[in-house]
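Asker: Sequence:
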Amino acid sequence: MDYFTKWPEAYALLDHEAETVAEALVNNFITRFGVPCELHSDQGQEFESMVFQGCCRLLGIKKIRTTALRPQSDGLVERFNRMLIHEVAKYCSSDQRDWDVKLPSLLMAYRSAQHEATTHTPAKLMFGRELRLPVDLATGRPPQEVTDPISNYAQMLQERLITAHILARNSMRTAGNNMKTRYDWHSREVKYNIGDHVWLHNPLRKRGLSPKLQSPWEGPYEILQVISDMTYKIRCGSQKRSRVVHADLEETAGGSLVDVEDTSINETELRAHCGGCSIKTTEAATRVDE
1 MDYFTKWPEA YALLDHEAET VAEALVNNFI TRFGVPCELH SDQGQEFESM
51 VFQGCCRLLG IKKIRTTALR PQSDGLVERF NRMLIHEVAK YCSSDQRDWD
101 VKLPSLLMAY RSAQHEATTH TPAKLMFGRE LRLPVDLATG RPPQEVTDPI
151 SNYAQMLQER LITAHILARN SMRTAGNNMK TRYDWHSREV KYNIGDHVWL
201 HNPLRKRGLS PKLQSPWEGP YEILQVISDM TYKIRCGSQK RSRVVHADLE
251 ETAGGSLVDV EDTSINETEL RAHCGGCSIK TTEAATRVDE
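Residue numbers (the UniProt record's numbering): 1 to 290.
Just to be clear, a hint being listed does not mean it is correct.
Claimed, not checked - No more than 16 Å apart at the CA atoms, straight line, and that leaves these computed lysine to aspartate or glutamate pairs for EDC-like:
1. LYS206 with GLU222
2. LYS62 with ASP42
3. LYS102 with GLU222
4. LYS240 with ASP229
5. LYS180 with ASP74
6. LYS90 with ASP100
7. LYS102 with GLU116
8. LYS191 with GLU218
What the hints assert, rightly or not - Taking CB as the label site, the calculated pair distances span:
9. THR174 with ILE64: 33 to 41 Å
10. PRO134 with PHE29: 22 to 30 Å
11. ILE30 with GLN214: 42 to 50 Å
12. LEU224 with ARG97: 34 to 42 Å
13. ARG235 with SER210: 23 to 31 Å
14. PHE29 with TRP99: 16 to 24 Å
15. ILE194 with LEU76: 27 to 35 Å
16. CYS37 with TYR11: 17 to 25 Å
17. ILE85 with THR119: 48 to 56 Å
18. ASP95 with SER210: 16 to 24 Å
19. HIS86 with LYS191: 18 to 26 Å
Calculated from the structure, these hints are not laboratory results. All of these numbers come straight from a predicted model, not from anything done at the bench. Ideal Cβ positions, reconstructed from N, Cα and C, are used throughout, including at glycine.
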């Protein structure tokens, strides 16, 4: 998904191995649109593999990622994926053997529909013109405003793109401000320092344990680095491995970090009671000097 134009791409693959995904990126996307400056993904193994990372370095692509179990970090793609899955489920056959055949038509419908954030279609922002659709064969395309000589077409196209991009940026800025206002309504600003101790919320179920009796809190963890206002590097007890997580912390606990049982997990997330995330801290659990 191109974040500015909202132009989506989706490919049906036999598997999601790193080599397969990297090949799809090069053969299906880069050969048509060129090399992107930046690529944003979740922490899926296919994107974090040496093969995919090496491919990005070779092509000069800046590879960035979301924090673990934080779909809000890539909300645009997550919403599109939900919509696409819903539409594919409606149009594929009962045996689900033709879902890949439906993808191109569904993508065309999305690309030619006006996007709420930009007030333009992804196609117009990408190419400077609307796509010619099958319905145009029956109803005919809208008449052109001006018939200019071919020599002026390039200049007209550039002017239309500049105008469309300016309008899209203004609409996206307004939509972003509205989303921020709604988010901030239920959140509060907090800051935490290196050395603060916190409990880590892990929503993943553990095999062999009843989810009703399983505690969702693990730790305590120590904050090793404040990467940004919302991103922290943490480590649990004597573990050597640290992880970068997204967090809105509720409060800071003092004292020294207790050496606890290994609580390493594959994917974790600091969750706070605002913005759909939560993390709790407690004095009793993290103090050893009382």
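Asker: Evaluate each hint against the coordinates.
Answerer: A quick look at each hint next to the structure:
With a C-alpha separation of about 23 Å, the suggested pairing of LYS206 with GLU222 is violated against the 16 Å cut-off. With a C-alpha separation of about 14 Å, the suggested pair LYS62 and ASP42 falls inside the 16 Å cut-off, and the hint holds. Between LYS102 and GLU222 the alpha-carbon distance is near 49 Å, which puts this suggested pair outside the 16 Å criterion. Note on LYS240 and ASP229: the hinted pairing is violated, with a Cα-Cα distance of about 24 Å set against a maximum of 16 Å.
Taken as a hint, the LYS180 and ASP74 pair is honoured in the structure, with Cα atoms around 15 Å apart against an allowance of 16 Å. Distance hint between LYS90 and ASP100 is fulfilled; the C-alpha atoms sit about 13 Å from each other, no more than 16 Å. For the hint linking LYS102 to GLU116, the alpha-carbon distance of about 24 Å lies beyond 16 Å, and the restraint is violated. In summary, the hint linking LYS191 to GLU218 is not supported, as the alpha carbons are separated by about 21 Å, beyond the 16 Å threshold.
Between THR174 and ILE64, the C-beta spacing of about 25 Å breaks the proposed range 33 to 41 Å. A C-beta distance of roughly 25 Å is found between PRO134 and PHE29, which places it inside the suggested range of 22 to 30 Å. The given range of 42 to 50 Å is respected by ILE30 and GLN214, whose C-beta atoms sit roughly 44 Å from each other. The hint said 34 to 42 Å for the Cβ distance between LEU224 and ARG97, and at roughly 50 Å that hint is violated.
Taking the beta carbon of each, ARG235 and SER210 are about 29 Å apart, inside 23 to 31 Å as hinted. At about 21 Å, the beta-carbon gap between PHE29 and TRP99 stays in the expected band of 16 to 24 Å. Roughly 32 Å separates the CB atoms of ILE194 and LEU76, a value that falls within the hinted 27 to 35 Å. The beta-carbon spacing between CYS37 and TYR11, approximately 21 Å, falls within the hinted interval of 17 to 25 Å.
Taking the beta carbon of each, ILE85 and THR119 are about 26 Å apart, not inside 48 to 56 Å as hinted. Distance hint for ASP95 and SER210: a CB-CB separation of about 36 Å, inconsistent with the stated range 16 to 24 Å. Between HIS86 and LYS191 the CB atoms are about 39 Å apart, so this pair departs from the stated range of 18 to 26 Å.
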